[in-house]
Amino acid sequence: MADTSFDVVVIGGGPGGYVAAIRAAQLGMKTAVVEREHLGGICLNWGCIPTKALLRCSEINHLLHHLDQFGFSAKEISFDIAKLVERSRKVAAQLSSGVGYLLKKNKVTVFDGSATLAGKGKVKVTGKTAADLTAKHIIIASGARARSLPGLEPDGKLVWTYKEAMIPKDMPKSLLVIGSGAIGIEFASFYRNLGAEVTVVEVLDRILPVEDEEISAFARKSFEKQGMKIYTSATVKSLAKGANDVTATVESQGKSFEVKADRVVLAVGIVGNVENLGLEGTKVKVEKTHIVVDQWLATGEPGVYAIGDVVGPPWLAHKAMHEGVICVEHIAGLKTAHPLNVQNVPGCTYCMPQVASVGLTEKAAKAAGREVRVGHFPYIGNGKAIALGEPEGMVKTVFDAKTGELLGAHMIGAEVTELIQGYAIARTLESTEQELIETIFPHPTLSEMMHEAVLEAYKRAIHI
Amino acid sequence: MPIQVLMPALSPTMTEGNLAKWHKKEGDTVKAGDILAEIETDKATMEFEAVDEGTLGRILVPEGTKGVPVNQPIAVILGEGESAGDIGKAAAKPPAAPSTVKLPAAPPARSATTESPAAKPMTPAPALAAAPAPRPAPAPVSRPTTPLPPRGAFARRVFVSPLARRLAEKSNIDLSRLAGSGPHGRIVKADVEAAMTRGPAASAEPTYPKAKIVAEAGNIPFTEVPHTNMRRVIAKRMTESMSHVPHFFLTVDCDIDALLKVRADLADTKSLKLSVNDFVIRAAALALKQYPAANASFSDEAILRWSQVDVAVAVAIEDGLITPIVKNADQKSVAAISAEMKDLGLRARAGKLKLTEFQGGTFSISNLGMFGIREFTAVINPPQACILAVGVGEKRAVVKHDQIAVATVMSCTLACDHRVLDGAMGSQWLQIFKKLIEEPAALLV
Numbered sequence: 001m002a003d004t005s006f007d008v009v010v011i012g013g014g015p016g017g018y019v020a021a022i023r024a025a026q027l028g029m030k031t032a033v034v035e036r037e038h039l040g041g042i043c044l045n046w047g048c049i050p051t052k053a054l055l056r057c058s059e060i061n062h063l064l065h066h067l068d069q070f071g072f073s074a075k076e077i078s079f080d081i082a083k084l085v086e087r088s089r090k091v092a093a094q095l096s097s098g099v100g101y102l103l104k105k106n107k108v109t110v111f112d113g114s115a116t117l118a119g120k121g122k123v124k125v126t127g128k129t130a131a132d133l134t135a136k137h138i139i140i141a142s143g144a145r146a147r148s149l150p151g152l153e154p155d156g157k158l159v160w161t162y163k164e165a166m167i168p169k170d171m172p173k174s175l176l177v178i179g180s181g182a183i184g185i186e187f188a189s190f191y192r193n194l195g196a197e198v199t200v201v202e203v204l205d206r207i208l209p210v211e212d213e214e215i216s217a218f219a220r221k222s223f224e225k226q227g228m229k230i231y232t233s234a235t236v237k238s239l240a241k242g243a244n245d246v247t248a249t250v251e252s253q254g255k256s257f258e259v260k261a262d263r264v265v266l267a268v269g270i271v272g273n274v275e276n277l278g279l280e281g282t283k284v285k286v287e288k289t290h291i292v293v294d295q296w297l298a299t300g301e302p303g304v305y306a307i308g309d310v311v312g313p314p315w316l317a318h319k320a321m322h323e324g325v326i327c328v329e330h331i332a333g334l335k336t337a338h339p340l341n342v343q344n345v346p347g348c349t350y351c352m353p354q355v356a357s358v359g360l361t362e363k364a365a366k367a368a369g370r371e372v373r374v375g376h377f378p379y380i381g382n383g384k385a386i387a388l389g390e391p392e393g394m395v396k397t398v399f400d401a402k403t404g405e406l407l408g409a410h411m412i413g414a415e416v417t418e419l420i421q422g423y424a425i426a427r428t429l430e431s432t433e434q435e436l437i438e439t440i441f442p443h444p445t446l447s448e449m450m451h452e453a454v455l456e457a458y459k460r461a462i463h464i
Numbered sequence: 465m466p467i468q469v470l471m472p473a474l475s476p477t478m479t480e481g482n483l484a485k486w487h488k489k490e491g492d493t494v495k496a497g498d499i500l501a502e503i504e505t506d507k508a509t510m511e512f513e514a515v516d517e518g519t520l521g522r523i524l525v526p527e528g529t530k531g532v533p534v535n536q537p538i539a540v541i542l543g544e545g546e547s548a549g550d551i552g553k554a555a556a557k558p559p560a561a562p563s564t565v566k567l568p569a570a571p572p573a574r575s576a577t578t579e580s581p582a583a584k585p586m587t588p589a590p591a592l593a594a595a596p597a598p599r600p601a602p603a604p605v606s607r608p609t610t611p612l613p614p615r616g617a618f619a620r621r622v623f624v625s626p627l628a629r630r631l632a633e634k635s636n637i638d639l640s641r642l643a644g645s646g647p648h649g650r651i652v653k654a655d656v657e658a659a660m661t662r663g664p665a666a667s668a669e670p671t672y673p674k675a676k677i678v679a680e681a682g683n684i685p686f687t688e689v690p691h692t693n694m695r696r697v698i699a700k701r702m703t704e705s706m707s708h709v710p711h712f713f714l715t716v717d718c719d720i721d722a723l724l725k726v727r728a729d730l731a732d733t734k735s736l737k738l739s740v741n742d743f744v745i746r747a748a749a750l751a752l753k754q755y756p757a758a759n760a761s762f763s764d765e766a767i768l769r770w771s772q773v774d775v776a777v778a779v780a781i782e783d784g785l786i787t788p789i790v791k792n793a794d795q796k797s798v799a800a801i802s803a804e805m806k807d808l809g810l811r812a813r814a815g816k817l818k819l820t821e822f823q824g825g826t827f828s829i830s831n832l833g834m835f836g837i838r839e840f841t842a843v844i845n846p847p848q849a850c851i852l853a854v855g856v857g858e859k860r861a862v863v864k865h866d867q868i869a870v871a872t873v874m875s876c877t878l879a880c881d882h883r884v885l886d887g888a889m890g891s892q893w894l895q896i897f898k899k900l901i902e903e904p905a906a907l908l909v
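One line per chain: the protein sequences are V and B, in this order. The numbering of the first sequence is the numbering used here, which starts it at 1 and goes up by one. The numbering of the second sequence is the numbering used here, which starts it at 465 and goes up by one.
Simulated from the structure, these hints should not be mistaken for lab results. Quick caveat, the model's predicted, so the values are computed rather than measured. Errors might be hidden in some of the hints.
[Claimed, not checked] Partial list, derived from the structure: chain V residues whose beta carbon lies under 8 angstroms from chain B:
| no. | residue |
| --- | --- |
| 1 | 3 |
| 2 | 4 |
| 3 | 5 |
| 4 | 403 |
| 5 | 404 |
| 6 | 405 |
| 7 | 432 |
| 8 | 437 |
| 9 | 438 |
| 10 | 447 |
C-beta: ideal position from N, C-alpha, C; glycine also.
Between the sequences and the hints, there should be enough to build the whole structure, so can you do that?
Encoded structure:
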């Protein structure tokens, strides 16, 4: 019988959970993870990673159809969707076993099963493994799942959630994406670049609604140029399923019309996995499907913590990982632990062109009463972008006019998801425009645009 | 190229100094570590050591020159193969820094006092006269021979994020007063913002503009006594102490007839001229050794109990005071302490103390008995936790065995930092001290 007494038991082996467990083990705590399905969680198995594998394929497809730009020609370009999916699954499986290895290396015990709180300091594991664990500290990292709306329930065949959308058996000729957040837009971009007719319906007045307004507008223009149909301020009233297609009734600004598509992807937000955890009768508070925590991720119940998607937005793996570390370091009494500053959490959307941002949008900064200085720089002004054949995109910076604080940075274009960390570091270090201006960005790189967008905010841009 | 030797800043408050004596002549070979000159500051005389090698090519400031501004070139050292003809090259060059360096007002003493106790090894922080300085002026090419306390004691680099620095500048917040909550104690935006919400009164130091003071006094006539650096340091540190260190005071009366008899005996038999204060220093040192809780400093992380007993003794000097230190006083006899105090006192009054002789100390004594003061309270000298205020030994009517009797009584008042000591603890220390004073045999062992 395995050991059942631990310093820390983490419920959920997703990015938040496994990182928390490894950090706890590093700090000398005896740690266990309870995972009901796959180590690595949704992110690694059904989210970030497999979708990136798919999006890579759609980028390749796009490139193959634009080879002439680079002086190449190719005939009869084709792909096999089954092979694309197979590759995506292989990538996920490889990384999931990697997480298992990391946990083992750090001497974290893994229990395959579902966990419920079973009284103070107790966790009951059921399912594949049954065990009664005792734990000084319990960290709930149970994650979240797709939200469904009444009348728009997924059926897994014609109406998909993200999960079915990343393992299609056949390539749909047309697709309706409901919701234009990161998940919806990534699938829209993936399928559009593989040749499907894609329609996006967004209830708010712009796509990628958490992004800066200018970025939303830029993205919409790009997507529409690629042939995507986008309806904003629009709602899907009903879905009528046919034999192998769906007819959606869409209402927008008082008008009603129909959109017919082979498949529908529901991407209308997510809800926290707060059920079957044994939270009833504890002091753990749940609000709108999310667990309420303090700045150290502690719930109302002493000794019980929660991190990641289950505690609320932004629903991002890197935020969950960081919370896991903060939570564990605080438990360990490390003085170096600092609460998460949500303004320093970068967000990335891997559509084409990519979108990435950190901090406040221009509108949010103004709404917060800040006097702002805004800088822009377009991809068309950057040597590397032109050389890459990626002239579409821009970088935008938002500074506090009084203090020079970098309030936010917003980017759209090739590889911006790899660039945004530069601004995230600047924000974490509390740089002002001065340090950014004095930083030497290598030439020729896309990152030079980050420099120029800072310079431009101070009317000093060189290449524009 | 010839190297310019600049007037060094030997103390935090030094803006100028006197070139007391040259130890090298023009033409002398200079090795790193050689003593070049003696520099007098407002508080002390220090030896000034070369860091560069070569030949002393020319002395630019003759000995005996007073008021030489910090960073003014005072000599030129020639490198190998260079001759006097090359001196022009150095002299013609503008000095590395303006020859008169106007030092901004020193940041409050807190920066030194909070940092030093945390520093390891546990060396006591600089004493009264040691105030932190702003960033040192561009480094002179020589350094004093007296081992300076860690640079941090003078010029603490303030670790602060660029944004926090700018916010502080705009809101007029003194960064040296803030505790950083960021990585490695870095001051971050949130710390400055918190200071801003505490209000300017809390964050900025109160000011006392002359016009306001004169008006408040009713515009009566006055003469001005310009501040010396020492006066500024005293003002700053004592304000700091009374504002931030929670003081409480405990007084005991010590019967010193036995002590006076011992003292008289020693004078007769061994021709030792010991003062009562020498006994007080010895008794305090032994009491600190026996009761180490009083030989301590407060820090954010912990109370730091010092492993050595260094007793600082306030000495009045012209326009101020200085606190020379009897180091390891618990290991020294009364006679040794007496001899050391005589020497320290003389040199203090002559302004010839070395930095290390008045910076630090783990406990202070202030004795105003010679002025007939019966008892008084003294201001703690941070980061020390205690100061003992010693009054005059005078004949008083006391009750002994239910009879009124005459005894020589000396009242001593211990000021305690309540963060470090509680009332009962201070009292226990005083009990030990009083017993040592009243039964002085133990002081002679």
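These are the hints, each one checked on the structure:
| no. | hint | result |
| --- | --- | --- |
| 1 | 3 | 35 angstroms, violated |
| 2 | 4 | 37 angstroms, violated |
| 3 | 5 | 32 angstroms, violated |
| 4 | 403 | 6 angstroms, holds |
| 5 | 404 | 6 angstroms, holds |
| 6 | 405 | 5 angstroms, holds |
| 7 | 432 | 5 angstroms, holds |
| 8 | 437 | 11 angstroms, violated |
| 9 | 438 | 10 angstroms, violated |
| 10 | 447 | 20 angstroms, violated |
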